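Please work from the sequences and hints to get the whole structure.
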Amino acid sequence: MKNFFIAMLCVATTITFAQEKESSGLWSSGRPDGHAPISVMADHVHYKGEVMFSYRYMTMDMRQLRQGTNDATNADAHTNYMVAPQDMTMNMHMLGAMYAPSDKITLMVMANYLENDMNLQMRNGNQFSTSTSGLGDVSLSALYGILNKNRKALHAQVGVSIPTGSIEEKAVLPMSMGNAVQLPYPMQLGTGSFGVKLGFTYLEQYAKFSRGHQLNAMVNINDNDQDYKFGNRYNFNNWLAAKAGDNLSVSIRLEAVLVDKIDGQSSALNPMMVTTADTTNSGGGYVNSGFGLNYLVTNGGLKGLRFATECSTPLYQDLNGIQLKQNYNLTFGLQYALH
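In this text, residue positions in the sequence shown follow the working numbering: the first is 171, and each later residue adds one.
Derived by calculation from the structure, the hints in this document are not laboratory data. Small disclaimer: the values here were computed from a predicted structure and weren't measured. One or more of the hints may lead you astray.
[Claimed, not checked] Using 27 Å as the maximum straight-line C-alpha spacing, the simulated DSS-like pairs for lysine-lysine come out as follows:
#1 Lys-495 - Lys-319
#2 Lys-413 - Lys-319
#3 Lys-413 - Lys-473
#4 Lys-378 - Lys-319
#5 Lys-322 - Lys-218
#6 Lys-378 - Lys-473
#7 Lys-274 - Lys-473
#8 Lys-319 - Lys-274
#9 Lys-274 - Lys-367
#10 Lys-495 - Lys-431
#11 Lys-431 - Lys-340
#12 Lys-322 - Lys-367
#13 Lys-319 - Lys-218
#14 Lys-495 - Lys-340
#15 Lys-495 - Lys-367
#16 Lys-322 - Lys-431
#17 Lys-322 - Lys-378
#18 Lys-274 - Lys-218
#19 Lys-322 - Lys-473
#20 Lys-431 - Lys-367
#21 Lys-413 - Lys-378
#22 Lys-367 - Lys-319
#23 Lys-473 - Lys-218
#24 Lys-218 - Lys-367
[As the list claims (entries may be wrong)] Just the calculated beta-carbon pair ranges, DEER-fashion:
#25 Asn-296 - Ser-336: 25 to 31 Å
#26 Gly-434 - Phe-502: 34 to 40 Å
#27 Tyr-217 - Phe-364: 29 to 35 Å
#28 Asn-469 - Gly-195: 19 to 25 Å
#29 Phe-370 - Tyr-217: 16 to 22 Å
#30 Asp-231 - Gly-295: 45 to 51 Å
#31 Asn-296 - Val-467: 48 to 54 Å
Note that beta-carbon positions come from the ideal geometry of N, C-alpha and C, so glycine has one too.
If you want it as structure tokens, here you go:
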């Protein structure tokens with residue numbers, strides 16, 4: 171499967187550059203291949219007066235322990251910790267809105283609702299589960315158009331993440347003697363820190379294809395109320411989208427991700443209890459591949475409505491310490507543009 175995705179990327183890149191490029195006109199988001207795969211955010215700007223609303227449902231599945239680039243076992247985790255995670259599912263509902271007060275600037279706001287579920291195993295073999303749900307952090311961004319000429323476009327993103335999500339989620343655990351105790355970092359709903367989002371996106375269109383490259387960073391600025399901050403996150407996304415008719419496009423995507431370790435430590439957590447409460451077991455490097463579909467309604471009363479989906483899987487994972495490894499990410503989305 172990994173070699174299949176790599177081959178698809180190589181073939182599609184060759185075909186794209188073999189196509190005769192449209193040599194004039196502005197880059198357009200009004201084509202079925204005019205948006206990035208639905209997992210990519212802030213991929214395009216709008217012209218003055220345009221508005222777009224979006225909804226995304228994302229589910230991430232993690233299972234089986236990994237240490238560095240090698241698989242690990244429960245016994246490996248139980249050597250130093252009383253509890254080892256078995257699997258985790260994170261579901262996210264994300265609402266977004268974009269508005270362009272001018273041809274150069276597009277404003278964007280995004281909010282989300284999270285549902286986290288984790289199964290764990292104790293040294294004695296007993297298993298239990300934890301879950302949390304609620305609002306996450308809110309982000310506000312401005313996208314600034316730098317270039318839009320000859321079907322090439324470049325824009326920058328500057329944004330801020332506002333810590334509206336809880337970092338004090340608790341639960342009664344088998345070893346907590348009936349008391350509700352703080353849950354580890356992955357089960358929290360927010361970061362508790364203000365953050366800065368910075369990014370650049372380059373787009374180019376051809377007669378039958380579009381391609382894009384996006385480099386962005388999420389930098390957490392301050393320690394939160396529990397004296398830690400989540401690690402900074404850096405993404406480099408590359409995608410190709412091909413028309414499969416007037417309304418449909420297919421896409422492939424390759425992504426490199428680097429996540430720093432959590433800086434600091436919460437005094438409410440015992441790092442010897444479970445791997446997820448030890449900040450040593452956080453962050454790492456990933457290479458992910460994705461396959462997506464975009465369907466755009468181009469006529470009638472629903473003109474401007476876009477349906478999209480993408481499934482991504484990891485090609486490579488190098489994790490700090492012992493962590494659950496990523497299995498897959500699945501995203502569904504609706505986008506509606508008003509011109």
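We went through each hint and held it up to the structure:
no. : hint                          : verdict
1   : Lys-495 - Lys-319             : violated (42 Å)
2   : Lys-413 - Lys-319             : holds (21 Å)
3   : Lys-413 - Lys-473             : holds (18 Å)
4   : Lys-378 - Lys-319             : holds (18 Å)
5   : Lys-322 - Lys-218             : holds (19 Å)
6   : Lys-378 - Lys-473             : holds (21 Å)
7   : Lys-274 - Lys-473             : holds (24 Å)
8   : Lys-319 - Lys-274             : holds (13 Å)
9   : Lys-274 - Lys-367             : holds (19 Å)
10  : Lys-495 - Lys-431             : holds (15 Å)
11  : Lys-431 - Lys-340             : holds (23 Å)
12  : Lys-322 - Lys-367             : holds (23 Å)
13  : Lys-319 - Lys-218             : holds (17 Å)
14  : Lys-495 - Lys-340             : holds (24 Å)
15  : Lys-495 - Lys-367             : holds (26 Å)
16  : Lys-322 - Lys-431             : violated (36 Å)
17  : Lys-322 - Lys-378             : holds (14 Å)
18  : Lys-274 - Lys-218             : holds (8 Å)
19  : Lys-322 - Lys-473             : holds (25 Å)
20  : Lys-431 - Lys-367             : holds (18 Å)
21  : Lys-413 - Lys-378             : holds (6 Å)
22  : Lys-367 - Lys-319             : holds (26 Å)
23  : Lys-473 - Lys-218             : holds (19 Å)
24  : Lys-218 - Lys-367             : holds (23 Å)
25  : Asn-296 - Ser-336: 25 to 31 Å : holds (28 Å)
26  : Gly-434 - Phe-502: 34 to 40 Å : holds (36 Å)
27  : Tyr-217 - Phe-364: 29 to 35 Å : holds (31 Å)
28  : Asn-469 - Gly-195: 19 to 25 Å : holds (22 Å)
29  : Phe-370 - Tyr-217: 16 to 22 Å : holds (20 Å)
30  : Asp-231 - Gly-295: 45 to 51 Å : violated (24 Å)
31  : Asn-296 - Val-467: 48 to 54 Å : holds (52 Å)
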